[in-house]
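Residue numbers (the UniProt record's numbering): 1 to 996.
Please keep in mind that the hints were generated in silico from the structure rather than gathered at the bench.
One should not assume that every hint holds.
[As the list claims (entries may be wrong)] Calculated lysine-lysine pairs in the DSS-like style (CA-CA distance at most 30 Å, straight line):
1) Lys987 x Lys744
2) Lys751 x Lys549
3) Lys639 x Lys543
4) Lys161 x Lys144
5) Lys288 x Lys695
6) Lys419 x Lys639
7) Lys639 x Lys144
8) Lys639 x Lys333
9) Lys920 x Lys895
10) Lys539 x Lys259
11) Lys104 x Lys543
Computed from a prediction, not measured in an experiment: that's the story for all the values here.
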Amino acid sequence: MAGGTATLAPNVGLLRPGRDMEGLPGHALESPACSWTVTAQHQPFSNGSDDQQRRRASQLGPRLHPLDIHHVLLIFKRRVHWQYKAAGQEERTGLAQLMCILRKNIRVLRRAEWHRRWRRERARKRAAFIANPFKFTKDLLGQKRSGKLASSQEDIDQHLKQTYSDPAREQELGECNNLIEPPEPDVQFDMSELQLPEVREVVRKARASSAPGPSGTSYKVYKNCPKLLLRLCKILRVFWRRGRIPDQWRVAEGVWIPKEENSTQLDQFRIISLLCVEAKVFFSAVSKRLCTYLAKNTYIDTSVQKGGISGMSGCLEHTGVVTQLIREARENKGNLSVLWLDLANAYGSIPHTLVQLTLTKHHVPSRCRDLIADYYSNFRMRVSSGAITSSWHKVEIGIITGCTISVTLFSLAMNMLTKSAEPECRGPRTNSGQRQPPIRAFMDDLTVMTESVPGCRWILKGLEKLVEWARMRFKPIKSRSMVLRKGKVEDKFRFHISGTAIPTITEKPVKSLGKVFDCSLRDTTSIQSTCTELDGWLKSVDKSGLPGKFNAWVYQHGILPRILWPLLVYAVPISTVETLERRVSNHLRRWLGLPRSLSSIALYGNTNKLQLPFKSLEEEFKVTRAREVVQYRDASDPKVAKAGIQVRTGRKWRAEEAVQEADARLRQRCLVGVVTRGRAGLGSFPSPQMNTRGKERRRLVQEEVRAAVEETRTCKAVGMKQQGAWTRWENAVERKVTWAELWKAEPHRIKFLIQAVYDVLPSPSNLHTWGIAETPACPLCSKRGTLEHILSCCTRALGDGRYRWRHDQVLKTIAEAISTGLEWAKHVRPSKKSIAFVRAGDKPTPVRRTSSAGILMSARDWQVLVDLEHQLKFPSHIVVTTLRPDIVLVSESTKQAVLLELTVPWEDRLEEAFERKLSKYAGLVSDCHQAGWRARCFPVEVGCRGFAAWSLARAFSTLGIEGERKRRAIRSTTDAAERASRWLWLKRGEPWSHGS
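Sequences and hints are given; from them, build the entire structure.
Pasting the structure below:
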């Protein structure tokens, strides 16, 4: 075979008519292109001109799809294989060569097809991510609850009818002697008219993205229309006075929400109702008044029921107390009986008569009770799932999920039932001596804990009677039991509900309030599962086909929030968290194209000169566990605060010690008082207050914990010669890379910026240090080729004009910013300062910051002279000199001259450059003063890696360029320096021709 042609014997035919042609595409059989394969003539298409190639392609007929060509080649290969077996020795040589050609073509087509499909898939995923990154992240990482309802409309209507119909709706619940009798209230319910601040506060706190109900109106309307909100408040007052609810508020559009992963059946979904926004605003205000009434009269025992109570970390506190009691029983070889009880369809099975009875027993005024009864009297709902919409059904039982007052009503009713069963037995006692309640409830999740099995049976029996009286029921199959005898789990004790045995945690672990409890009584299995889950998420992101910066976004907003909860509720040692962070850091470096030698300080530092928008897993873990310690210690529930709950994080780092250190730092700051920081005046940084409580106190402690972590990073960075050089940039302004900038910037630009700042670019010096290059010499001047040498110290580059070209690029940007400031100054007048007097008892109104009167506003005839390409000559009518400042601003009418001298040095030499240029032009400024001109000189520096010195910011402020205009000007200047330096880096070993 020569020249791509296989010579075959005349009597050898590759395709026989009839069945040999079966399976080929029709247009492939008709195309003359098949004759090339049949005769094995492999002519390269590169011969001839473009016109000849197009003429030849038109003669060959319609162009085949790559899949069709692949199919044809497979059939030809099969036929050749048959001919090879039947051919003689002389014919096999040509057939073997033809087989090699076919195999090669098939491999190329398969590889090309795989790349084509992968390219299309990547483009599709990229478009889906940009359209909705949060939805894409949920789908990529896997949703805990997902699925699509696969039921007909008849089945849905039948299910809704059975669920929301109550034949005993009009019947009373009957007598129950075990119910509690709340005392008369000390603080009466607020029955005054709704006030505008109440309504405004409800609308302000509401989520703007909440789905609108049947009315189609969203919260955004009232958030953005104050006068319309005032009109709404007046309408709500009318409904409050009349005590009647409009019919439009008593309808809801329901949506099916899956409760499990890959849900398909009706019992695997719950319904969320979309209500009218006006009704939600109204009942939110009523609910807030009801919560205030219940809290001031202590009608809800927050030690028992924390669900639906504002300001309560009920989920975390309940889990912490249960975990502490189990840990103490295991370590002290004590006895403990625990029941996790699950109510069957709790929200949908609570009778409306129970709600009314609960409000009556808690002395809620009849006017408010009648209002709620009228709301529930004729409520109708329909549910949609894809193209299937159910009929309208009357809600005769259960609360309306999504309603703003239903949560409070359900929480109050469950509190009454659990408190009524509490006297059956005492709860366990912690090592601190605090007696805990025997029943803990978070909405409908009940946890019964006693020190003896009989006591647990008595409480279960009392709860079962109360729930049966309330026409509700427990679900034994979803409930769990655990009995500890001398610190070990025993399964010989069983509990029953209505004759059905409750499974033990040995048979099946239980997940309660986000934490898994199993028979080992330890968190080892859950921690291993968390680590495995994190690895799976990182692998899923790796295989997603997204660009690296999008992968980093998925970690920050998808993986990190998911992993923090298990790290919070389980006793994860800090060493395990450090291992997880190393895995995350490796992926972040690979996604951003950074070398493995780059320190994690560069990724997560909060006080670095270059701050990236990534959060450290270790830092977030420490802050989260420290916040947990403060929440337990300062809990409003005394039974939680005195329980002595331990937060275990291993021996290397202890959360309690970190909180004590943070408190000590806060006390020290309060003792020192307000001090000056830099050039900022007194009062610019407020001093922390030690008498704060609650959320503000937790915030201060978290800030101190973060500061301690950052100090550890800084101490480590100071000892690093190359990657810690930024700690010596005292005069450089820090630079923060936001997610918006990261999304818009090219990956190579971000990569260069990070590598240049931390000196991990593949310079000759670094390559020699890493053992990759034999010599560290600069490709231009043969000196040691460090990054500093290449970007700012190479004499050959200086002689070629490379540094001058970069200097001019930065100078152009500064000149444009000043020209823009001049145009703005021509149309703005400096505002006069006035004194605003404040009457006694009044609060001062916030004063808008006015534009400062800079130099540019002092005249209207400013002329801007810029030294580009050595063309500037200092105005001779002022002073005759050979010096050429980079920018000269001249005002003839006011006899003012402003000199700006730019330097683009290595960041370590910013202050040196400032002092050198200031002394250089001091004589020229003095000569201008002697000539009767008011002259000022502003040496400004922009680091060659894109960091502006403080002198640039001061110069812009003095000129009158302030606020967003100054920030935009500094950003443009630093970007110009960075882009120019990157171009110098790319051309470091090539001949220079004016930046081209």
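Hints, verified against the model:
At roughly 24 Å between alpha-carbon atoms, Lys987 and Lys744 fall within 30 Å of each other, so this suggested pair holds. For the proposed pair Lys751 and Lys549, the alpha carbon gap of about 11 Å is at most 30 Å, so the pair holds. Note on Lys639 and Lys543: the hinted pairing is violated, with a Cα-Cα distance of about 49 Å set against a maximum of 30 Å. Under the criterion of a C-alpha separation no larger than 30 Å, the hint pairing Lys161 with Lys144 is consistent with the structure, at around 29 Å.
Distance hint between Lys288 and Lys695 is fulfilled; the C-alpha atoms sit about 20 Å from each other, no more than 30 Å. For the proposed pair Lys419 and Lys639, the alpha carbon gap of about 16 Å is at most 30 Å, so the pair holds. Restraint check: the Cα-Cα separation between Lys639 and Lys144 comes to about 33 Å, which exceeds 30 Å; the hinted pair is violated. The straight-line distance between the Cα atoms of Lys639 and Lys333 is roughly 23 Å, inside the 30 Å bound, and the hint therefore holds.
With a C-alpha separation of about 22 Å, the suggested pairing of Lys920 with Lys895 holds against the 30 Å cut-off. With a CA separation close to 26 Å, the supplied pair Lys539 and Lys259 stays within the 30 Å bound. Annotation: proposed proximity of Lys104 to Lys543 holds, straight-line Cα distance about 28 Å (limit 30 Å).
In summary, the structure is inconsistent with hints 3, 7 from the numbered list given earlier, while agreeing with the others.
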